[in-house]
Each structure stands twice: as C-alpha cells, then as structure tokens.
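The primary structure of each chain is shown beneath.
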Amino acid sequence: MTRPASDPSAGGPAAAAPGAPRVLAVTAEGGALHNVRQWTAELAARIEWAPDLPQAARQLSKGGWDAVVVALGDRPEEDLTWWVDAVRAAPGTPRLIALADRPSMGLAIRAEQLGVPDLLSLPVRRDDLAQAFKRVRAVEVEAPLPLPDVGAEAAGQYALVGRSPEMLEVYKLIARVAPSTATVLIQGESGTGKEVVARAIHEQGPKASGPFVAVNCAAIPENLLESELFGHEKGAFTGAVTRKPGRFELARGGTLFLDEIADMSLALQAKILRAVQEREIERVGGTETLPVEVRLIAATNRDLKEAIAQSRFREDLYYRLAVVTIRLPRLADRGDDLLLLTAFFARQFAERYGKEIPRISDRALELLRAHPWVGNVRELRNVIERAVIVASESTILAEHLPDEVRAGETAVPETGARGLLTLAEVEARHIARVLAHTNGQIGAAAEVLGIHRNTLTRKMKEYGL
Amino acid sequence: MKSPLPPVRVEQALRLLPELEVLLPLRSLILAASRPEEQAQWASHGPYLTVGKRSVEPAELHQRAALVAEQVKEHVAALFASYVDALESQQRGEAGAAVDALRQAGAREERAGRLAQARAWFETALALAEGLQDRRPEIEALLALGELEESLGGHAEAARRHQRALALAEAEFHQAGAIAACLGLGDVALATGQWTGARAWFARGMRLAEAGGDLSATGQLHHRLAALARRTGDLAPAGEHLRRARECLEPLGEARAMAGVLNTQGQVDAGMGREAAAVAAYREALAWARRDERDAGLEAVIRLNLAELHFGAGRLLEAEEEARRAEQVAIAHGLNRRLVQSYLLMGRMRGRQHDETGFVFFEQAIQLCQTLERSPALEAQVYQEYGLFSTALGSRDEARAYLERAREIFESLGETFEVAKVREELQQVSA
Chain X
31 MTRPASDPSA GGPAAAAPGA PRVLAVTAEG GALHNVRQWT AELAARIEWA PDLPQAARQL
91 SKGGWDAVVV ALGDRPEEDL TWWVDAVRAA PGTPRLIALA DRPSMGLAIR AEQLGVPDLL
151 SLPVRRDDLA QAFKRVRAVE VEAPLPLPDV GAEAAGQYAL VGRSPEMLEV YKLIARVAPS
211 TATVLIQGES GTGKEVVARA IHEQGPKASG PFVAVNCAAI PENLLESELF GHEKGAFTGA
271 VTRKPGRFEL ARGGTLFLDE IADMSLALQA KILRAVQERE IERVGGTETL PVEVRLIAAT
331 NRDLKEAIAQ SRFREDLYYR LAVVTIRLPR LADRGDDLLL LTAFFARQFA ERYGKEIPRI
391 SDRALELLRA HPWVGNVREL RNVIERAVIV ASESTILAEH LPDEVRAGET AVPETGARGL
451 LTLAEVEARH IARVLAHTNG QIGAAAEVLG IHRNTLTRKM KEYGL
Chain S
127 MKSPLPPVRV EQALRLLPEL EVLLPLRSLI LAASRPEEQA QWASHGPYLT VGKRSVEPAE
187 LHQRAALVAE QVKEHVAALF ASYVDALESQ QRGEAGAAVD ALRQAGAREE RAGRLAQARA
247 WFETALALAE GLQDRRPEIE ALLALGELEE SLGGHAEAAR RHQRALALAE AEFHQAGAIA
307 ACLGLGDVAL ATGQWTGARA WFARGMRLAE AGGDLSATGQ LHHRLAALAR RTGDLAPAGE
367 HLRRARECLE PLGEARAMAG VLNTQGQVDA GMGREAAAVA AYREALAWAR RDERDAGLEA
427 VIRLNLAELH FGAGRLLEAE EEARRAEQVA IAHGLNRRLV QSYLLMGRMR GRQHDETGFV
487 FFEQAIQLCQ TLERSPALEA QVYQEYGLFS TALGSRDEAR AYLERAREIF ESLGETFEVA
547 KVREELQQVS A
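Chains as they are written, first to last, in the numbering used here: chain X, 31 to 495; chain S, 127 to 557.
Treat the hints with care, as some may be off.
[Stated by the list, open to error] Chain X is nowhere near these chain S residues, computed Cβ spacing over 12 Å in every case:
{"id": "1", "residue": "146"}
{"id": "2", "residue": "205"}
{"id": "3", "residue": "206"}
{"id": "4", "residue": "253"}
{"id": "5", "residue": "286"}
{"id": "6", "residue": "296"}
{"id": "7", "residue": "412"}
{"id": "8", "residue": "443"}
{"id": "9", "residue": "451"}
{"id": "10", "residue": "475"}
[Stated by the list, open to error] With a straight-line Cα cutoff of 20 Å, these simulated EDC-like cross-link-like pairs (lysine to aspartate or glutamate) come out:
{"id": "11", "chain 1": "X", "residue 1": "491", "chain 2": "X", "residue 2": "172"}
{"id": "12", "chain 1": "X", "residue 1": "385", "chain 2": "X", "residue 2": "429"}
{"id": "13", "chain 1": "X", "residue 1": "264", "chain 2": "S", "residue 2": "523"}
{"id": "14", "chain 1": "X", "residue 1": "237", "chain 2": "X", "residue 2": "323"}
{"id": "15", "chain 1": "X", "residue 1": "164", "chain 2": "X", "residue 2": "78"}
{"id": "16", "chain 1": "X", "residue 1": "237", "chain 2": "X", "residue 2": "279"}
{"id": "17", "chain 1": "X", "residue 1": "385", "chain 2": "S", "residue 2": "530"}
{"id": "18", "chain 1": "X", "residue 1": "264", "chain 2": "S", "residue 2": "489"}
{"id": "19", "chain 1": "S", "residue 1": "547", "chain 2": "S", "residue 2": "530"}
{"id": "20", "chain 1": "X", "residue 1": "92", "chain 2": "X", "residue 2": "115"}
{"id": "21", "chain 1": "X", "residue 1": "164", "chain 2": "X", "residue 2": "96"}
{"id": "22", "chain 1": "X", "residue 1": "385", "chain 2": "X", "residue 2": "423"}
{"id": "23", "chain 1": "X", "residue 1": "264", "chain 2": "S", "residue 2": "530"}
{"id": "24", "chain 1": "X", "residue 1": "264", "chain 2": "S", "residue 2": "534"}
{"id": "25", "chain 1": "X", "residue 1": "92", "chain 2": "S", "residue 2": "401"}
{"id": "26", "chain 1": "S", "residue 1": "199", "chain 2": "S", "residue 2": "147"}
Calculated from the structure, these hints are not laboratory results. Here a beta-carbon is modelled for each residue, glycine too, at the ideal position from N, C-alpha and C.
One chain only, chain X, in its complex shape (with noise of 0.2 Å):
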C-alpha cells in the first residue's frame, strides 16, 4: 500500500496553463513522484498533492479532478484494486495513473481486466508520464448519432431484440417449436439470452397462459436443488419449517425452465429424467404422486456433448431435453444488432430513470464496438444502465462508459493529432486486453487473436508482458 509522507507543499496546486488537466498525486514516502514534483512545469498539468491516504480520499471526494496518480506498493494489485474503486466513486470518474515497481504480467492483466490503461513502471519516466497526461487531456468533440428507433419490433421486458441472420435464424425456429408442446434445449454463451427465447417460446405456444416458472440450477445450493424442485414436505429435513409446492408443480399449465442443467448433480439428473419420462413426482418426504402437467424447457452454457463425455451428464437426459435444439449467437457475431440493442437498452433505462437519451457519441459507439463482450447482451445491458444512470445530457458519451470498456480507448483509432500511439503500442495493449479477458490463458488468447501461441508468446516477451 502506498505509504504516503508528510509534505510542506501539500495540496498546493502547481501552476500551469489553464484548461489544463487537472491531476491529484498522491505522495509516497521514499519519493516514488520526487521526480514528477521537477517536472510539474513541462508536464502542462495543474498538479495538486495528498499527503496521506486519508487526505487523498478527502481531496477526491471534492471532485473536479481529471487525473490521479499513485504509486503502488507492496501489493500492487491489491492496491490497485482499491483505488480503482476509490476513484471510480470519485465525482466526475477521473483517470486513474497508477504507477509500480516492476510491475508483473499478473498487474498488467489485472490493470487492464480493472480498466487502467495507464499502469507505469517506477522510476517513472517524464516521457510515460506527459504521454498519459496527454491521454487524459485527449478529450475529443464527440459527435451524437441518433439511436435508431426499436420500439416497433420491441415489447416488455423480454422482448427479442436484433435483425442479425442470426438472430433471424433464432425466430424462425422459435416460431418452428413455440405451438407445439415439445421439450427445447436452449444453448449459448453466458448473456446470450436463454431465458428471454425460452420466455418467448411460452408466450407463443399453447401454454402460455399458464405461469413461466424459471429456476436457476446452477444458483440454488445442491442439498436444496431437488426440494425446490420437487416441494417437500413439514419436515422432511432440517430447514423444512413449512410444507412447500416444488416448481414443477407451480409451473402445472404452463413452463418450466430449468436454466444451467448442466450443474446439477447426476442423481438430480436421474430424477429429472424419471419426471419427464413417468410425467409425475413425489415430494421430498412425501408419499402422494403429482402428475408433471408442465412444458420442459432447459438450457446451458456448457457443451453438453462433452459433460456426456466426461460422465458429468445423463446421455439419456439430453435427448430427452434436446427434442429441439436453439443456439443462441454470441453477440460479437451479430453485427449490427449492438446498435439496435443499445438503442432498447438506452430507451428501456431512460424510462425508468426518468430520463430522455436518444443519442449515443460516435466515440461511445467506437468503444462499444471495439469491447470484447464476453457477458454478451447481458454485459451490453449492464453497461447501459450505468451510462443511462450516469450520464448528465441527452447523449451517452464516452465518459458514461465504464472503465473496461473505456480501458479500449487507446485501441481505438484517435481522430486528433496528440496521444497518438504506436503500432507495437497498439498492438500490445490489445494483446494484454486479450488476455485479461482470457484469465492470462495464453492458447484462449491466441485463439482469438488469430494468431500462434507460439507467436504470442514471442509478442508477449517482445512487449514485456
């Protein structure tokens, strides 16, 4: 942690030209910014220094900073995971400059997994430092676009949003499968969107005026998956204050979707696929047979083929389930759709927060764009509500965006003159982005960056990660 000392000239601001960045260093002992104190003229910022930590947090909470720089300590990611935080809850989400001794591949995986594009290496050099201050000042005119209208092909909370072949190929099976009463196997990355096809597969087939009752395999503990299930009966174990209906009795005229099948246990299994063979169940401490009056819906995020492989699932289990099979794109695959998704997104958060903002910068839409998505649309959502939450004017801007994806900034192509980076700069930032969204897997990487591992791996020693 950094250890910050005492300093006569604490928080006096450095003079410099105006409309400069404005930048909060925090001190440490021992001098890890000695050196930036020398440089405060050439570096065109209007320095201010905390002499300690809890003087640090005083000064940010007053906001109207553009910039932090600290130097990490003993533990650079754990600190570098605080103060991630800490200036993210900072009015007006500066920048943060973090600085480290040697800093490992393991920091540099965390710096970009946390969204620190600006991770240094002590000593610091001017050089390194006047080029991220100008990142900082590299505030560009964003343009608004309009955020396309999706209100038409849009409706409730659930609704299917995209125009991707994809995404059309999704429709029509649905449309295929939802009147008849057949057990659907729904598969996809994480975020892709089971449950809303599974709920619109309910509402266009001849249950749907029954309930859609969703359980969460892979959420609820083992030991208590069957009785949820199931029901159970006063009782039948410790914690059974109460008799209790199972889902697949509250489900009786309607759907029930069991969503990540693939964790549940093989004896749970065993019992799903007697339920679905026999059409009845027994409660958990219970003696009377429920007849299963239900439509199956199931999915997962996992190869189901290689859990069978593996003995980790039921053979007989998945053809049970996979009567019809939806794969589910990832979103990466499904071009334009981000746009329209942003768009339902944008419109559905602004509602609920009472807000109007119907256009996107054409730097926010870059950044998006350019952002992995390993949650999918889910992540996609999730990022929204934050810009739609955060954002002050009609338009969501680069800066209502979350760190993760604003750490893409650099990999960007930049329209203005200053900050521009090198290729091999570009190059291994991206890879080192790559790889914290891999977990440092370098054959995971590889695959997505269309390369060798063995030619990562030569880049990752060239770039020093």
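Given the structure of chain X, go ahead and fit chain S onto it with the hints provided.
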C-alpha cells in the same frame, strides 16, 4: 507431469470435511481460497453467487493447507509457551506475570477468532488474579473477559465483569481501567437498547478521561456518544460528538479509531439525508482503515454501510457492487459474521425486487451460522430477515415459520429487545 485437477465447488469440497473443531482452520481455508468461476460474472447465476458456489483449486488447497497447518502449529506452540511461562512465573512467586501470560494466551486465541477458547484462558487468568494482593491483574482479566463476553453476545455476563472491573479500578485509582470499564458498560447498555444507562456510563468515562487528559479515550468516548445519539435519532448532537472525536483522534494518527469515527459519520450523514457527505465519509473511512495495517474487519463493515446507503437510495447496482466487495473482503479474511451480513443485505435487495431466487442468500447465511460463525444471535437475525423476505414474496406460512424460529432463538438468549421486534413482525404477518 500430472495435469492439475479441475476446480471443485466449495459446497462439494465441504461435503467431504467432517465437522470437527480441529478442522475449522481447513474449513476457513477452503472458503478463503475460493474464487468465482470465470464464467460466473455474466452467467445467469452470477447475481446469486454465494461462497458455496465458488470454486477451489485442489492444487492451491494442497499448497496452502501446508501453510495453514504451519500457522496452526505456531499458534499451538505459542499457547504452550504462554502456559509454561505462566507456570514458571508462578513458581518464581511472580503471580502477576503468570496472569499476564495467561491473558496473552487468551488474547492470542481471541485474535484467531477462537472466542470460547479465549474465554477459558481469561477465566483461568482471573481465577489466579483473584488471589493476589495487587488488584491490577484482576482488573485487566475482568476487562478482557467483559469485552469478550460482549462480542459473544453475552450482555449480562459482560456487564457483570465490567462492573466488577470498575469497582476494583476505582478502589485502586486505576484510571485507565476505570475508563475502559465505563466504555464496556456503556457498550453493553447501547447494545441492549438502554439509552439512558449508556449515556450515563459514557459520561462517567468522559469525566475520568478529561480529568486525566487522556485524548485517545476522550476521542473514543465522543465516538460512543455519537453512536448513541445516532441510535436515538439525535443526529445533530451526534455530528457534534463526531467532530470532537476527530479533533482528539486525528492528531494522534489513530487510524483504526479514525476509520470508526468516519464510519459513524457516514451513518449520521446518511440519516440526515446528506448522501454525498455520507459517501465521502465512508470513502475517507476506507482510506483510514487501510492507512497503516489493513483492517479488513472494519473495511467490511464500512463497505456494508456504504452498500446499505446505496440500497436505501435505490441505487441497486452500486449497492450490489459494494456488498460484493464486502463479501470478497470477508471471504478472503475469514470474517464469517461479515460474510453472513453481506448475504443478508443481498437477500434483502432481492426481496425488494421480488426475486424469489434471493432465498439462496439466506440459506447460505444459515449454513455459515451453523458451521462457521456459530452465533445463535446472528442465526436468529438471519431467520428474522428470511421471514421478512418471505413476507415480501407473499409466502406467509414460510414467513411465519422463519419469524417463529427467530423468536425462539432470541428468547433463548434473553434478547428481549429483539423478541419484541420479532413479535411485532409476526403480528403483521398474521394480520
């Protein structure tokens, strides 16, 4: 070279572990070494992730288990050494030093979170101290026992120990002991809702601290008076006490105490509807909690308060993030009580959103209370919140059953204040 074994869910890992006292450090390690799965962040179960659904790497556990075993060995060796030290001191006729050695062993157990074991050491120390002419060791042992009982929720016993410590300290003109006893008695009164009593004890401590020029104690007492004023809704006087507490403590650089004061400042500002000021106070509190040696316990408390503030203001995204940070701090540092509290908050948040899957947080909290924290008072609180959650979701029978369970536990603990609250909630459910 063998390829590493795949990660295993905490709930599965714990199923293999018998519930033996000696294995508690291993149980804690399993939790502390756990991480959310890579895909969990954006998976549909992500918002419902609890510690049981995190994963541990067997290889990491293998490595860290050896370290934990070493720490356990060191802990036990230190206890043995304290005992031998006490025995030798006694044989040399230095009974005061023997009491000190026993008390230090108790303090070591207390720091390790082994409160029942700490009590046994303190009681042994007290029994020895009671036979001495010099009453100071007895005062110290009584104060240690008083504080421990209070943290275990044994208010009556804590009060009895502190009363005795105060009587002895006053007779012996042991100023610091008397102030500490007044603080302890005030804390007991505060915890049991006896506001007048609390005020009287803190005021008495304050007179002693001011007369002795003890700036640290004066600051702490102002902080306590502020906490009391906040509880009684007198927010302006609370603010004034906090200002004075800061005046006393900031020049002393007492980081932990300052963090506590700013945490209360955040609560007071929140109570006055000054949200921005409350956030700033909590942020500064976090900075103080981290300034010297990181105080993870205090950090978790502050983060929970910050989350509560966001929750109260309807900023659910921020509330969730902060509660998750508190959860992470609690898991990494084995702060089971705070972990339970973070799940209670997350469960309440889901309750407000009428999200029935939120029950997983209460179930996890109950399990933690029964296996790790072993605090009936906290378990009762979980049942109480579970009942309110069920009420919000319209499950009246379940709500009633959980509230009844909470009432039973609170009654068995003699928590009359809490029993009255639960009875009121039961009446509302039945109405």
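Against the structure, the hints:
1. The non-interface label for residue 146 (chain S) is consistent with chain X: the shortest C-beta to C-beta separation is roughly 19 Å, beyond 12 Å.
2. Taking the minimum C-beta to C-beta distance to chain X, about 30 Å, the non-interface status of residue 205 (chain S) holds against the 12 Å cut.
3. Every beta carbon of chain X lies more than 12 Å from that of residue 206 (chain S), the smallest distance being close to 32 Å; the non-interface claim holds.
4. At roughly 39 Å from the closest C-beta of chain X, the C-beta of residue 253 (chain S) stays outside 12 Å, upholding its exclusion from the interface.
5. Distance to chain X confirms residue 286 (chain S) as a non-interface residue, since its nearest Cβ pair spans about 35 Å, more than 12 Å.
6. The beta carbon of residue 296 (chain S) sits about 37 Å from the closest Cβ of chain X, which is more than 12 Å, so the claim that it is off the interface holds.
7. The Cβ of residue 412 (chain S) does not lie farther than 12 Å from every Cβ of chain X; its closest approach is about 7 Å, which violates its non-interface assignment.
8. Under the 12 Å C-beta cut-off, the non-interface status given to residue 443 (chain S) relative to chain X is violated; the minimum distance is some 7 Å.
9. Listed as a non-interface residue, residue 451 (chain S) fails to keep its Cβ farther than 12 Å from every Cβ of chain X; the least gap is roughly 7 Å.
10. For residue 475 (chain S), the requirement that its beta carbon stay farther than 12 Å from each beta carbon of chain X is met, with the minimum near 15 Å.
11. Of the supplied pair hints, the one linking residue 491 (chain X) and residue 172 (chain X) is violated, its CA atoms being roughly 36 Å apart against a limit of 20 Å.
12. Restraint check for residue 385 (chain X) and residue 429 (chain X): satisfied, since their Cα atoms lie roughly 18 Å apart, inside the 20 Å limit.
13. Proximity of residue 264 (chain X) to residue 523 (chain S) is assessed by CA-CA distance (about 11 Å); at most 20 Å being required, the pair is judged to hold.
14. Pair hint residue 237 (chain X) plus residue 323 (chain X) holds up; C-alpha atoms about 10 Å apart against a cutoff of 20 Å.
15. Restraint check: the Cα-Cα separation between residue 164 (chain X) and residue 78 (chain X) comes to about 17 Å, which is no more than 20 Å; the hinted pair holds.
16. Pair hint residue 237 (chain X) plus residue 279 (chain X) holds up; C-alpha atoms about 15 Å apart against a cutoff of 20 Å.
17. With a CA separation close to 45 Å, the supplied pair residue 385 (chain X) and residue 530 (chain S) exceeds the 20 Å bound.
18. Proposed proximity of residue 264 (chain X) and residue 489 (chain S) is supported: the alpha carbons are some 17 Å apart, at most 20 Å.
19. Between residue 547 (chain S) and residue 530 (chain S), the direct Cα distance comes to roughly 12 Å. Compliance with the 20 Å bound is thereby established for this hinted pair.
20. A hinted pair counts as satisfied when its Cα atoms are at most 20 Å apart, and residue 92 (chain X) with residue 115 (chain X) qualifies at roughly 16 Å.
21. Proximity of residue 164 (chain X) to residue 96 (chain X) is assessed by CA-CA distance (about 11 Å); at most 20 Å being required, the pair is judged to hold.
22. Between residue 385 (chain X) and residue 423 (chain X), the direct Cα distance comes to roughly 9 Å. Compliance with the 20 Å bound is thereby established for this hinted pair.
23. Of the pairs offered as hints, the one joining residue 264 (chain X) and residue 530 (chain S) holds, with about 15 Å between alpha carbons and a cut-off of 20 Å not exceeded.
24. The hinted pair formed by residue 264 (chain X) and residue 534 (chain S) meets the criterion: a straight-line CA distance of about 18 Å does not exceed 20 Å.
25. This hinted pair checks out: residue 92 (chain X) and residue 401 (chain S) have alpha carbons roughly 14 Å apart, not beyond 20 Å.
26. Distance check on the hinted pair: residue 199 (chain S) and residue 147 (chain S) sit about 15 Å apart at the alpha-carbon level, within 20 Å; holds.
Of the numbered hints listed earlier, those contradicted by the structure are 7, 8, 9, 11 and 17.
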